[in-house]
Structure formats: structure tokens, C-alpha cells
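Asker: Take a look at the letters that make up each chain.
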Amino acid sequence: MDETPFQMDTRGAFSFPENHKFDAGFGLTEETIDYICDVKGEPDWLRQFRKDALRKFNEMPMPTHWAPAEISGVDFDAFRYYLSHGAKPSRSWDEVPDDMKRTFERLGVPEQERAFLAGVDAQYDSETAYANMREELSKKGVIFVNSTEGLKEYEHIFRPWFGKVIPVGDNKFSALNHAAFSGGSFIYVPKGVKLAQPLQAYFRINSESMGQFERTLIIADEGAELMYMEGCTAPQYDSATLHSGVVELVALKGAKIQYVTVQNWATNVYNLVIQRGLAMEDAEIRWIDCNLGSGLTMKYPAVVLQGRRARGEVVSISLAHSGQLQDTGARMIHAAPETTSNIVAKSISIGEGRASYRGEVKVLKGMKGCKNNTECDALLINASSRTDTYPAITVNGNASAVQHEASVSQVDEEMLFYMQQRGLTRAQAMSLAVNGFINDLVKEFPMEYSVELRRLIDLEMEDSIG
Amino acid sequence: MDFSQNMSMEEAFALAEAEAKLNAALQESRERFEQAVIPNRLNEDWRFGRPHKYATALAELLQSSIATQGEATVQHAGEAAVRITAEDEDLRQTELLMPTIGSDALLGMHLKRFGHGYALYIEESTPEPIVITYRGGELYTPSTFIMVAPGVKAHVIEHHIGIPGSCMLSTRNIQVAEGAELKVELTSKGWERYLCITNIQNMGGKVSHLTSHEDSSWVREETVAEIYTAEADTRLFSANSLGGSAVLDQHTKQIHHVGGATSDLLYKNVLDGKATATFAGNIYVAPGAHNTDAYQSNRNMLLSEDATVNSLPGLEILADKVRCSHGSASAPMDEEQLFYLCSRGIPPYEAQKLVAQGFLEDVLSRFKGE
Numbered sequence: 001m002d003e004t005p006f007q008m009d010t011r012g013a014f015s016f017p018e019n020h021k022f023d024a025g026f027g028l029t030e031e032t033i034d035y036i037c038d039v040k041g042e043p044d045w046l047r048q049f050r051k052d053a054l055r056k057f058n059e060m061p062m063p064t065h066w067a068p069a070e071i072s073g074v075d076f077d078a079f080r081y082y083l084s085h086g087a088k089p090s091r092s093w094d095e096v097p098d099d100m101k102r103t104f105e106r107l108g109v110p111e112q113e114r115a116f117l118a119g120v121d122a123q124y125d126s127e128t129a130y131a132n133m134r135e136e137l138s139k140k141g142v143i144f145v146n147s148t149e150g151l152k153e154y155e156h157i158f159r160p161w162f163g164k165v166i167p168v169g170d171n172k173f174s175a176l177n178h179a180a181f182s183g184g185s186f187i188y189v190p191k192g193v194k195l196a197q198p199l200q201a202y203f204r205i206n207s208e209s210m211g212q213f214e215r216t217l218i219i220a221d222e223g224a225e226l227m228y229m230e231g232c233t234a235p236q237y238d239s240a241t242l243h244s245g246v247v248e249l250v251a252l253k254g255a256k257i258q259y260v261t262v263q264n265w266a267t268n269v270y271n272l273v274i275q276r277g278l279a280m281e282d283a284e285i286r287w288i289d290c291n292l293g294s295g296l297t298m299k300y301p302a303v304v305l306q307g308r309r310a311r312g313e314v315v316s317i318s319l320a321h322s323g324q325l326q327d328t329g330a331r332m333i334h335a336a337p338e339t340t341s342n343i344v345a346k347s348i349s350i351g352e353g354r355a356s357y358r359g360e361v362k363v364l365k366g367m368k369g370c371k372n373n374t375e376c377d378a379l380l381i382n383a384s385s386r387t388d389t390y391p392a393i394t395v396n397g398n399a400s401a402v403q404h405e406a407s408v409s410q411v412d413e414e415m416l417f418y419m420q421q422r423g424l425t426r427a428q429a430m431s432l433a434v435n436g437f438i439n440d441l442v443k444e445f446p447m448e449y450s451v452e453l454r455r456l457i458d459l460e461m462e463d464s465i466g
Numbered sequence: 467m468d469f470s471q472n473m474s475m476e477e478a479f480a481l482a483e484a485e486a487k488l489n490a491a492l493q494e495s496r497e498r499f500e501q502a503v504i505p506n507r508l509n510e511d512w513r514f515g516r517p518h519k520y521a522t523a524l525a526e527l528l529q530s531s532i533a534t535q536g537e538a539t540v541q542h543a544g545e546a547a548v549r550i551t552a553e554d555e556d557l558r559q560t561e562l563l564m565p566t567i568g569s570d571a572l573l574g575m576h577l578k579r580f581g582h583g584y585a586l587y588i589e590e591s592t593p594e595p596i597v598i599t600y601r602g603g604e605l606y607t608p609s610t611f612i613m614v615a616p617g618v619k620a621h622v623i624e625h626h627i628g629i630p631g632s633c634m635l636s637t638r639n640i641q642v643a644e645g646a647e648l649k650v651e652l653t654s655k656g657w658e659r660y661l662c663i664t665n666i667q668n669m670g671g672k673v674s675h676l677t678s679h680e681d682s683s684w685v686r687e688e689t690v691a692e693i694y695t696a697e698a699d700t701r702l703f704s705a706n707s708l709g710g711s712a713v714l715d716q717h718t719k720q721i722h723h724v725g726g727a728t729s730d731l732l733y734k735n736v737l738d739g740k741a742t743a744t745f746a747g748n749i750y751v752a753p754g755a756h757n758t759d760a761y762q763s764n765r766n767m768l769l770s771e772d773a774t775v776n777s778l779p780g781l782e783i784l785a786d787k788v789r790c791s792h793g794s795a796s797a798p799m800d801e802e803q804l805f806y807l808c809s810r811g812i813p814p815y816e817a818q819k820l821v822a823q824g825f826l827e828d829v830l831s832r833f834k835g836e
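These protein sequences, in sequence, are chains E and F. Following our numbering, the numbering of the first sequence begins with 1 at its first residue and continues without gaps. Following our numbering, the numbering of the second sequence begins with 467 at its first residue and continues without gaps.
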């Protein structure tokens, strides 16, 4: 893929000679699906399911009427739909560009992880590093496998919820994912089990976690609690340029799920992800979302508040520099009485970057005592930066309260001046101001992420100002 | 092109250039109508607006052989008012260039029925408000043009009054020159279907625009305010009390072509019965329109279980040093206020009416500049 509609950012946009054991070639057809099913050894019902989804995908129109125009740049025939790193590609650390090495250095990414992230021969020994933790998990009855294994080994739990939160025909990209999915996680936490440690996509063996058509299903049984983390703040090399994941969360009565995503793909990547959670009675789902990379991101984490007193929350940070469009947001569907939700979204546009907030809040008919609060704040760094806000709020009935506030601001010149006359460079001052802008939200992220995030913003500011 | 003898070379060139620009714009606009389709569900500007129901019906009526019928009157205008005729090419061109919010196809149909209503050329400040009244028959398609000269202060009130079963598609073009001050009020009443497309062009004056609609089954308002100089001050207000199964669909755009100007919007609705109100606003700050101040606020009070509110307050900011904010809130009536009034011996029904009135009163007093 040499031609992308984005202005190329050199950082992260590099490639290695590839040597995949399984490669289904370009474009998505029935043959591609047969190939995927054969390689993965999938049952017939799944093969048929994928083919039905493919038919739907072909029938459905692109969502051009509301989506950013950039989406029409997606050429489905120009992508590869299945790559398996069965044979490990061999690359050496020396081949990694200096730019990327510098970023790793600054972020303080551990040595082993650096190699893994850079796409260098992934000798990332998750087995030993996390063996103790895995043992503990299985003692508690927690299932944590990849989606392929989940469908094979735990069909009785997986299948009833498979495609229930996000149906095949939900939209074109959901159909695409149902047809071509591979990778992603399947997690089941039994009744009343509360996990103190976050689960990370990293430490699952046979990791296909970075799959381009990732499919994740997390089920928290009654009263269970867990936090799941995926992605990383470091720039990630990836040969696949279309990412269309589906993440489904199910929080049964009184359960709590926190899902943390941090994404920093290279700017040649389309990141079109569907994330939706179903919260039953007294359950809570929180999406903590951070988008730093990719050329076009379209991601609107959703919570369907299905049970009484359920709670949903989306905390979102996005950063768009030149050549990037971050079209992110949130959806909250209040389908039960006394449900509450909160959305806090902050975006930063740098250079010619464009950050958009697109949200939907719906209080269905007859639902009493629902409350939603939405705040979105945008920060513009340069004169050519752009920010948009497109919320849609629907309230039925007189027993719910919904409010939305948005503001757009710049970094205060006086503040910068004050810091500069105290001896900081302009870039340092800017970085401090930007970090201050997202400070409240960064606290919501796990420790290591928030530290990395701060350093990354330092770097971005140095590059664009200093 | 006719060259007058006193014109310098530069002036002649400037005129020729302006004329070429105008012709290009007119051509572009004609193409826009050729390409426009009757609003359907893929038309994002008709989101929540049920275009298959309302736009289709209105388009059918406009394309039918039913004649345009209605009565236009004007009061206190003096010399300023001119009755529009189908032969008035300048005004027709002005309408041809008007922006809509998703209803180009319908504006195209309105143009085919052009030739009704009043144009006001206000060159002197008037002591009394000028009142325009349009009374519609089965289908009425008037146009209003209001042009206020530099430094002039004016107040215009428009009443659009329908009869049971009547439909109206009206267009309004308001141009305010440098240093002028204009207050415009629009009220509509008693329509089966009512669509009003308004375009405010602010060249550096102060405009306050207020709309309020009552007793109509379906009302759609498309208001585009365009700001051309840093001195321009534009304020958009609306206050509505809806009941029964009334549908109100309001769309606004505040377009800042240049920096330094101020615009503000406050739309408030009280909903009872099975009423539905949709508000879709947008603030657009063009590249380079730095130091813009633009605000937008939509507040809704829901009084019944079956009332519905859709609110889409949007922002598109392409400039720097901009102070922009928008807010939207939808909530039931404040119990404490009700309790207070009831404790003073006011019956609950009356108390509810008072609180709702107070909620809307705020808009009216801000329009009056209090």
C-alpha cells in the first residue's frame, strides 16, 4: 500500500520483508474464507456463518452519509485478510529505524517489549513472565484464551453470546469482521470472582492479539470484576493497513468491566473498530480509550444499559497530528430505568490534525430516572488545526435528565509566557500545558500507561513546536 | 455589462470581476438544484426529521397543480415595502443563492413558484415595528427580503398564519449592513405543514432574530446566519411551547467567514403531550477566522412521559484563538420551583404553567436586550 489518502507521517511508517506462513492473499471472497477456516480448522457452522456475513458485507452500503469523507478511501480489495505469523519473520534490532528506537527509549518501554513492538523476531517470553499469574487465574476458573481457542474449547459459553451484542448486520464493518475475524481474546470471569490484576492482551500465549480483524468477547458473570488492557502507547509497526475489530462486553448482574485501549498505529492504518458493551442490572462498564495513531480512526465505544441501575462510562483521549483524522466518540443507550452514564472526551489537534467527537445518547421511551452527563473539550495547538463536535441526544419522557457541554480552547499565551520566563523552552511549556489539559483523564489509566502517555505528549510537542 | 462614463479602469475591472463571480455562483447554484434529491433517510440534515413522511408530502404538494394561494399585508412600512412579483429577477437570483440545511430540492421547487411576499428596503429608522402578515390557503410560498441600510435601526415582525390543513414553504433573506441594528421576530401559527428557510447575512450590524411557533402539526425551520465582518453581532433566539402531537424540527448554522465576530444562539422548548422537538445546530468557523466568539445553547423542558427531544449541537472549528462552546440540556421541571409555588397556594396546574413560562421568558427578555 503505497498510496494512502493520508499525508504520510514518517514515524512508524516503515516496513520489513515479510514472510508469513499463512497468507490468504488480497481481497475478501468465499475462497479467502475457506482458506481461513481450513487453516484454523473451524467447524462447518462457523464457515457458513462467515460466508453469510460476507454476503451481508457485500450487500451493505458504506456509511457515507454521516461518516467522514475519508472513509471512501478504503479499498477493500487492496488489503490482505488473513496473515498468520506461523513462521516467525526474522528481523534484527539493527533494522529498526532510529526514530522508533528513540521513542522506545523515551517512553521507557522494557527491552523485551521493544523488540516485540517493533516487529522484530518476537521472542517475547510471555510464558515465563506471567506463568504464576496464569496459574492463579485458572484456579479461580477464569478463562482467558484467544478467540479461536475460545470457540473451539468453550463453544457452550462463547456461542450464545457470539454476535449478540454487535450483530452481523449492525453495519458494514461489523459484517466484515464477522466474515474475516481472527485473533482477539475470549474472557470469562465466573460468578463473584474479582480480579485484582488487570488482564493484558500481551501475556496470552499464542498471541494473535494484534490481529487486524480482532474479535474480543468478555463475559463477566454475576458480581465479577475485571480490567482488560490492550494496545500500547509506543508506535506500532503493522503490515496490515485495515483494522476492523469487534469488541463485545457482557456484564451480568452486578458485574464490573473496565476496558482500556491505547492505540498508536502508523498513519497508513485505517482503524475502524466497533466496541459495545451490554450492562445488566447494577452492572458497570467503563471504556477507557486513547487514540494516538492511525490515519483514520473511527471508534465510538458504546454501552447498552439493559438492566435497572446499570452504569456506563466512556473516558476518551485523542490526539491528532498532521495527516490524521481521529473521529472518536461514545454511545450510551439507556434501555432500562434509573440507568446512569457519563462521557468525558478530550481531544488535541496539532498541526493540520483533525479531531472529531461524534456521540449518541439515547433515553428510550418509558425509562424513568436516567441520567447522562457528557463533556467534550478540544484543544487546538496550531492555527491550521481542526476540531469538530457532532453529538446527538434523544430524550423520551419527562423523568430523565441529560446534559451536554463542549468547549474549544487554545493554550493560553500568558500561561506559556509565564513558564517560558521561568526558563522552560516553548515546547516544554506547551507540553506541560497539554498534559495539564488531559491530566484528569490520564489518572484513569493504569499507572504505566499514564506515565508513557505523558512522555509521548512531551515527544509530540517537541516535534511540532521545538 | 454597461460601463458608465465616470468609471475608472480599476472600477470597471472590479465590476467585471464581481459580475463573473456572481455568474459562476448562479451557475453553481442552478447545478445544485439539478442534483438535489428530495430529502430522504440518507440526508444527514434530516436526521430525526422523518423525511419520508414530511419532506415527501411537502414535495408532492409543491410539484402538484395546486396553485399558490395566500394573502400578504404589510403595516407601518411607509416607502420601504415593495410587493414581490414573478418578474423580479434580482430578488429571484438572491433566492437562488440562498443556502439551505438539507432542503435544496425543496428550495428549487419554491423558486418555481417565486413571486409572492414582500421585500423591505429599510433606509430610515422607523419608530414603529414593521409588521408583515402572510395568511395561507392550501399552499402558500411567499418570500421575504429584508435589507437594512448602514446605520439604520429597524424592528420587523412577521406573522405566518395558516388555516386547518394549510401548508407553507417560505423563504426569508435578511441582509444587514454595517452599523445597522435589526430586530426580527417570526411567529407561525395554525399550519398542517410549515417549512421556513431563513438566510441572515450580517455585513457588520447587530441582528437579533427570534422565532416562535404554535398550534402547527409540523414545523421545520432552517436558519443559516453568515457573518462577513469582525464587527458583526448575531443573536438567534427561539422559544416554543409544544403540546399535542406537534413536531418541531429546528436547524441552524452559524457560519463565521471572518474572524473577530460574535454569534450567540439560545433555543428553548417546553414539551407536553406527545410533542417532539429536534434541534440540530452547527457553528462553523472557517479557516483563518481567528478570534471568533460563538456560542450555542439548547434547553428543553419535558412535561410529559410521551414527549421526545432530539438535540444535536455541533461544532466545526478550523481556526485558532476561538472561544466556542455549546451546551444542551433536557430535563423535567424543577420540583423545587413547583413546590414553592404550590406552597404559596397556587394550584399545581397553574404552578406548572408559571414555571414553564418563566423558563421561556428568559429567551424573550434576552431578545429584547434586557
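Hint data in this document are derived by calculation from the structure and do not stem from the laboratory. Cβ coordinates follow ideal geometry from the N, Cα and C atoms, glycine included. Some hints could be false.
Unchecked claim - Taking beta-carbon pairs under 8 Å as the criterion, some of the chain F residues facing chain E (in silico):
hint: 1; residue: Q501
hint: 2; residue: I504
hint: 3; residue: A585
hint: 4; residue: D772
hint: 5; residue: I783
hint: 6; residue: K787
hint: 7; residue: S791
hint: 8; residue: G793
hint: 9; residue: S794
hint: 10; residue: A795
hint: 11; residue: S796
hint: 12; residue: P798
Asker: Just to be careful: measuring from the Cβ of F/I783 to every Cβ in chain E, is the smallest value less than 8 Å?
Answerer: holds, 5 Å
Asker: Can the hint on F/S794 be confirmed by a CB-to-CB distance to chain E that is less than 8 Å?
Answerer: holds, 4 Å
Asker: Less than 8 Å between beta-carbons is the criterion; does F/D772 satisfy it with respect to chain E?
Answerer: Holds. Min distance 7 Å.
Asker: Is the interface hint satisfied for F/I504? The criterion is a beta-carbon contact with chain E at less than 8 Å.
Answerer: violated, 15 Å
Asker: Can you verify the interface hint for F/S791: is its Cβ closer than 8 Å to any Cβ in chain E?
Answerer: Holds, because the Cβ-Cβ distance from F/S791 to chain E comes to roughly 5 Å (cut-off 8 Å).
Asker: Using the nearest Cβ pair, does F/P798 come within less than 8 Å of chain E?
Answerer: holds, 4 Å
Asker: Against chain E, run the beta carbon of F/S796 and see if the smallest gap drops under 8 Å.
Answerer: Since chain E brings a Cβ to about 4 Å from F/S796, closer than 8 Å, the hint holds.
Asker: Minimum Cβ distance from F/A795 to chain E below 8 Å?
Answerer: At about 4 Å, which falls below the 8 Å cut-off, the nearest Cβ of chain E leaves the hint on F/A795 intact, so it holds.
Asker: Does F/A585 meet its interface restraint, that is, does its C-beta lie within less than 8 Å of any C-beta in chain E?
Answerer: violated, 37 Å
Asker: Min Cβ distance, F/Q501 to chain E: is it shorter than 8 Å?
Answerer: violated, 15 Å
Asker: With a cut-off of 8 Å, does the beta carbon of F/G793 approach a beta carbon of chain E closely enough for the hint to hold?
Answerer: holds, 5 Å
Asker: For the hint on F/K787, does the least C-beta distance to chain E fall short of 8 Å?
Answerer: OK, holds: F/K787 within 8 Å of chain E, min 6 Å.
In summary, the structure is inconsistent with hints 1, 2, 3 from the numbered list given earlier, while agreeing with the others.
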